[in-house]
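Trainee: Chain by chain, the residues:
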Amino acid sequence: MEKVEEIPKETLLEIYKVMHKIRTYEETLAKWYYEGKTPRFDISAGPIPGELHLSSGQESAAVGVCLHLKPEDAVVGTHRAHHFAIAKGVDLKKMTAEIFGKATGLSGGKGGHMHLFDAYQNFSCSGIVGASFPQAVGVGIAAKLKGEDYVAVAVGGDGAANQGTFHEALNLAAIWKLPVIFVIEDNSWAISVPKDKSTAVSKNSERAAAYGIPGVSVDGTDVIAVYEVAKEAVERARRGEGPSLIEIKVYRLRGHFEGDPQHYRPKEDFELAKQKDPLLNFEKLLLEKGIATEEELNKIKEENVKEVQEAIDFAVNSPYPEPEEALKGVFAGGE
Amino acid sequence: MARKLPMYKAISEAIAQEMERDENVFVMGEDIGAYGGIFGATSGLLEKFGPERVRDTPISESAFIGAALGAASKGMRPIVELMFVDFFGVAMDQIYNHIAKAYYMSGGQLKMPIVITTAIGGGYSDAAQHSQCLYGLFAHVPGLKIVIPSNSYDAKGLMISAIRDDNPVMYFFHKGLMGLGWMPSPPEATVEVPEEPYTVPIGEAKVVREGSDVTIVGVAKTVHEGIWAAEELEKEGISAEVIDLRSLVPLDKKTLLDSVKKTGRLVIADEDYRSYGMSGEIIATVVENGISLEAPPVRVAYPDVPVPYSRVLEKYVLPDKEKIINAVKRVI
Ligand SMILES: Cc1ncc(C[n+]2csc(CCOP(=O)(O)OP(=O)(O)O)c2C)c(N)n1
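Going down the list, the sequences are from chains A and B. When you read off a place in the first sequence, starting at 1, and then add 1180, the result is the number in this note's numbering. When you read off a place in the second sequence, starting at 1, and then add 3, the result is the number in this note's numbering.
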């Protein structure tokens, strides 16, 4: 975090604010998720049914990257997408309503937690691992054909980098010099399979060399390092110099999904994740360096808590869609 | 001595017994090792057989499913799990162009004793990319056998048959029948399962409830919905026969036709999409065989929409007991 002094204080506070907002949001969501699911965990019960993948411990990746983006820039996320959605500026109320399956949600309750779409913020994600990479390439093609300077960010986990789409998309973006930033969030796990048992290279950034593009590995426990690396990649893409690959090393604070027994995971790994908490690390740094006071951070925290609560209230108090809505909207054009 | 086993344990027991019997049998897939399969179908196998024969894979489906073909060509009998049927798109070429066609295209030189297992079904708000059934899609392709158990007895017997079969068999298990702690499952799916190995023949349907007024045809979860519907209908004096197809390919036409001949009325309960699928195939089979029905058949299936997330929306389109009862009343 050597560069921290060179970054304006308001940017640093913004970084803190968004990271803290994501954490607050997901912790609150987790509480709601377990409503109706106790004492016996039943995935279909409660106000938030279905799977829920939270990003706790990985906030720095989303914030470090997305703070360089404009609404016109696209982010294509994964099944674990809340942190990128929030950092990209997706409407928190509508996103929450979507996760609660309400009519006021981003997609009127048709998409849900893994399928968040916000056309205004150019955000999308999906539950299919590896789907994000080629889609971002297409955004890059559009930018080139239209002569615009927007960029696309494709997010994937370390597991996703073993999908064929990753390699095909990297090659396409490289040969066509497209404005795409490939982000690999390396949390060491693909559900229960550790990275060292699934990936032939220790760093996914090394794979960039195979496509002749820059590849950087960065410590995600240091949000400023991520911010700096991402800045360079985004600027490069905007200047028309082509794609790059960023691998961000993060730690998964929670299970793969909520309710994951995690019996496959060694205890030391949990301990390590706690030590590597990027939010706590950054908070400590801001205070130690005297960049912000406790009061300033508390004010930010209060604002976040309030904003998250408003989003939850909006979702809880919104109506469910009319059941017949299920039959509508398969085709554009009203059929 | 038979004991009751949930479906997930019946499946893993079948695999374990076949692995003990035949050293050519091995398993590959995501999270099938230490995790035991997200839906438990490979629980306990890693401890018994070790990581060489129970191989956790990277998320590289087209590679490890394609690899099943190569292994089979050398006499192995691979079982590959793909967590959810919805993910097959990424590996489809290996399945429908290669695994399905290798025996035919090679003029019978290459046998493909591969079992592809995968989870199907919704009802718990996992939305459009994690709730489909899609068995119709695979049944459409020549060369793939398709089995879909509705209870743990059939699950074990069909798995053993699938492993011993020299053809590629796609084995679909419905998440809502597995008997997992965290996913509600009807108690009727957890039945007595003999400890010793046994087979349930591929291509034999089963009349799971006899009746005389209408035939209700289903697989997996819709078999149970059909039985519950029949129980309600009985109170109103309507006698419904329920058939569990168990295999889509080959299809047991005789059991189907015998039943429809007897009842003269047909309702198909299908959690897959309505159009171009299993439900149409059943009707075509009946019509092609010249059986005249007392009333046009009715299909209770997903109405050709992606599976919505919100519970109210999903409930509206998901086939269930009520919808089957209404369908029966339309044909009576
Ligand atoms: C094509 C496909 N295969 C498998 C899955 C099941 N699945 C969902 S998430 C996941 C692990 C993903 O790991 P990683 O890419 O490292 O992301 P993380 O969950 O660690 O953020 C798997 C195997 C899927 N959704 N799509």
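The hints are simulated quantities; they were obtained by calculation from the structure and are not laboratory data. Please note that the accuracy of each hint is not assured.
To give an idea of the chain A side of the interface with chain B (calculated C-beta under 7 Å), a few residues [claimed, not checked]:
id : residue
1  : G1281
2  : A1299
3  : N1342
4  : S1498
5  : P1501
Just so it is clear, CB atoms sit at the ideal spot from N, CA and C, and this is done for glycine as well.
Trainee: Against the earlier hints, flag every one the structure doesn't satisfy and list their numbers going up.
Mentor: Of the numbered hints given earlier, those the structure breaks are 2 and 4, listed in rising order.
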